[in-house]
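Student: Residue strings, one per chain:
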Amino acid sequence: MSEEIIKDVIVGENEDYIINMGPQHPSTHGVLRLEVCLKGETVKYLIPHIGYIHRGIEKMCEANTYQQIIHLTDRMDYLSAHMNNEAVCMVVEDAMQVEVPERVKYIRTILNELNRLASHQLWWCAFGMDLGALTTFFYGLRDREMILDIFEESFGSRLLHSFNTPGGLMHDVHPNFQNRIKEFISYFRKKLPEYDQLLTGNVIFQERAKGVGFMSKETAIGYGVTGPSGRGSGFSCDIRKIAPYGAYDKVQFNEILETGGDVFARYQVRMAEMRESLSILEQLVDNIPEGDFTAKMKPIIKLPAGEYFRRVETARGELAVYVVSDGNKSPYRMKFRTPNFSNLFVMNEIAAGCKIADLIAISGSLDLVIPDIDR
Amino acid sequence: MGLIKSMKDEDFGDNESLELLKKSGGNVFMTSIDSLLNWGRSNSVWPLTFATSCCGIEMMAAGASRHDFARFGIEVYRASPRQADVIVVAGTIVHKMVPVLKRLYDQMPEPKYVIAMGACAISGGPFFYNTYSVVRGVDHVIPVDVYIPGCPPRPEALLYGVMQLQRKIKGESVTNPGELPDIL
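Respectively, the protein sequence lines represent chains L and Z.
Numbering-wise (the numbering used here), the first sequence opens with residue 1 and increments by one.
Numbering-wise (the numbering used here), the second sequence opens with residue 376 and increments by one.
So here's chain L without its partners, still in its complex pose (with noise of 0.2 Å):
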């Protein structure tokens, strides 16, 4: 009987206790309200709520004619901006069966891996200052910044470079373009050890990381979450093994596969890309074809009428371009499957169970971007 009443007393005990993360909290990477229930420090279970920046990029497609739609997939996942433009180049090509020059696949190629390292650069600057450690957002995006100025010498413009125009790209890449890569690939694999002996062997760090947030391979296959979270888990999804594009049939690389499925398993999928990411770029740097820089297209696009579909392999999984055309200028429909929509709702399924704190080292090693979700 004692013991009922004191069960009473406690105020609340049977209830949950929501908190919201978001949309304005500096984990999140922008603005996700993550509504958690707690039972004490515990995660019970999670809802994300989406659509802060839902801006309707999809609506605005079926109005723009395909040379826009290109601007528009910059700015959804804008770190993985040069695949956005190319999924959309790939399947306007495919429609009009146009075949793109070598020059145009090496270099599309090139860009794609030197796109990867800078988000993957950014990714760990932000996932170390998610969990306190602070220099790694300066060690990071000074070397991120190399990147950032091969790109602004040849296309004029540092994060969204719509470079990619159907049929090939929008003019030719400047003629340092191979010597400041050769540059960049010397600098960085000097100074990659010091990322790994900076954060990978520390040890709060890896307290942090190891064993929280496990997903098994059959929930990412479930859930559909591919790119590095999916590849942590054992998951072989790399679209440029599966279904290779532009140059990825030409080079040598591996598909980097951990099994252990827990956060610190994710984080070494990364580190390990960006060195796959290196050598791919110096097997293709001395070898591009000379050749024009577009195929011959005309200046009205209009896609037979049909349905399309291409997939990309981006920074953060696997993007998916559907089409359905009906002989127009611009599309019937357009349809995106973004690889954040799906990495971010199997957060519910790992994060219950684990503690609140916890929960930021989870979201940072899914590495979201926001707008990609929303579109």
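Please note: incorrect hints may appear among the correct ones.
Cross-link-like lysine to any residue pairs, in silico, SDA-like; alpha carbons within 25 Å at most [said to hold, decoys possible]:
| id | chain 1 | residue 1 | chain 2 | residue 2 |
| --- | --- | --- | --- | --- |
| 1 | Z | K471 | L | R337 |
| 2 | Z | K471 | L | G56 |
| 3 | L | K355 | L | Q268 |
| 4 | L | K59 | Z | T506 |
Facing chain Z, according to a computed beta carbon distance under 8 Å, are these residues of chain L, among others [what the hints assert, rightly or not]:
| id | residue |
| --- | --- |
| 5 | G30 |
| 6 | V31 |
| 7 | Y52 |
| 8 | H54 |
| 9 | R55 |
| 10 | F137 |
Keep in mind the hints are simulated off the structure, nothing from the lab.
In this text the structure is predicted, and so the values were computed from the model without any measurement.
Ideal Cβ placement from N, Cα and C applies to all residues, glycine included.
Following the hints, position chain Z against chain L.
Tutor: Same frame as chain L, but now just chain Z:
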């Protein structure tokens, strides 16, 4: 008008609107308090960690090693609006975000400033102004002090915008804070 070290007034653009802040005459005691307060306020403008999209990445780059925000005294990004002086609206604001942004602004202590960074915050963006969900300019929601054009603006542009804000702060007076017109 207070000067920014190593950059003359005529090197800046938009000197005409700053002229409006200049006041003739005034109490000797109050003006010296003004100059002391403005010196302090303008050299420690703490921004709120608030970024909705792409411009936030350039804002991060401006805070990092190469561009180094901290030279202008705005190094400390605060996660809580209670501790922030300036909100840099970096990115698109959609209708769902408006109440949140308004609340963040209201929670900031006076004196507070707003920088609209990038085309989206100024006018709804180079492409998104025509969408059903996007607010066509953040000045529909909160008053903006400095506009920085670009998509996204370079970190240097953000630095320039911050320097303009500092000059604006230096023109303020305790007796007549901000530049509220007499109609209000």
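Student: List, from low to high, the hint numbers that the structure doesn't satisfy.
Tutor: none
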